[in-house]
Amino acid sequence: MTEGIGLVGIVLISHSEALAEGAAELVRQIAGGATVVPAGGTEDGSLGTSTDKIEAAIEDADAGSGVVLIPDLGSAVLSARSVLADLAGETTARLVDAPFVEGAVAAAVAAGTGADLDAVIAAAEEARDAAKF
Amino acid sequence: MPPSSDDDVAERVVVLPKPLHARPAGQLAQLAGRHKETTVQLVAGEKKANARSVLAVMAMGAVTGTEVTVTATGPNAEAIADEAAGILTAAEAADG
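Chain order of the listed sequences is V and P. According to my numbering, the stretch in the first sequence is residues 1 to 133, in order. According to my numbering, the stretch in the second sequence is residues 1001 to 1096, in order.
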């Protein structure tokens, strides 16, 4: 548990600004109290990913207990890795391999209960094996 | 109120007034997640879910009228089972 330090933050990295923001809105509805920050699209709002947006989102999401980065596809992973490399040693943010929506929901529910970074990452990764129905 | 022990087991059977949507599933998972030493199990027909997994709870696909058995095992089982039953039967479960 991490009471007094703050909750683990979640950053949703998508090629689409609308997808990142919509997913964040949905996840916040389901996981009350969790910090979920979207980082979608490029600087000018077109499709793609932005290392500046990702870095800013990590800062926004960081309450001292770590940050989980959930990418949607392909180069979102590359952009996130690039940011983590730039921040080497100065961030507790970690990139997880998880389905975008289910992983975000599971991670945020766990984070909202005060789970620590490893537990939030585990929750996101478990989403890979969760059947939708 | 009797003292709690690790062996406490409490069961509640509820009939859903609304489908079990994402938001109450999240509330159940957060309730279960806040009580790490207590297991909260949901059973509806052949579907089972550990309430700690929001995705498993949603995957139950429980619709209006479904009978759900909540079993809490561990410290504060009675109070936690009551709270879980309250989430399942709350009117706001409609909004999901």
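Keep in mind that the hints are not guaranteed to be accurate.
Subject to a maximum C-alpha distance of 25 Å in a straight line, what follows is the list of computed DSS-like cross-link-like pairs (lysine-lysine) [as the list claims (entries may be wrong)]:
(1) Lys1018/P / Lys132/V
(2) Lys1047/P / Lys1018/P
(3) Lys132/V / Lys1048/P
(4) Lys132/V / Lys1047/P
Negatives, chain V to chain P, calculated, CB over 12 Å [unchecked claim]:
(5) Gln29
(6) Ile30
(7) Asp44
(8) Ser46
(9) Ala63
(10) Val77
(11) Glu102
(12) Gly112
(13) Thr113
(14) Glu126
(15) Asp129
Keep in mind that the hints were calculated from the coordinates and are not lab data. All residues carry an ideal CB built from backbone N, CA and C; glycine is no exception.
Evaluation of the provided hints:
1. Lys1018/P / Lys132/V: Holds, at about 19 Å.
2. Lys1047/P / Lys1018/P: holds (17 Å)
3. Lys132/V / Lys1048/P: holds (14 Å)
4. Lys132/V / Lys1047/P: It holds: about 13 Å lies between the C-alpha atoms, which stays within 25 Å.
5. Gln29: violated (6 Å)
6. Ile30: violated (4 Å)
7. Asp44: Asp44/V clear of chain P: closest Cβ-Cβ about 33 Å, beyond 12 Å.
8. Ser46: holds (30 Å)
9. Ala63: For Ala63/V, whose nearest Cβ neighbour in chain P is about 17 Å away, the distance exceeds 12 Å, so it holds.
10. Val77: holds (22 Å)
11. Glu102: violated (6 Å)
12. Gly112: Since the minimum Cβ distance to chain P is about 5 Å, Gly112/V lies within 12 Å and the statement is violated.
13. Thr113: violated (3 Å)
14. Glu126: Glu126/V not clear of chain P: closest Cβ-Cβ about 7 Å, inside 12 Å.
15. Asp129: violated (9 Å)
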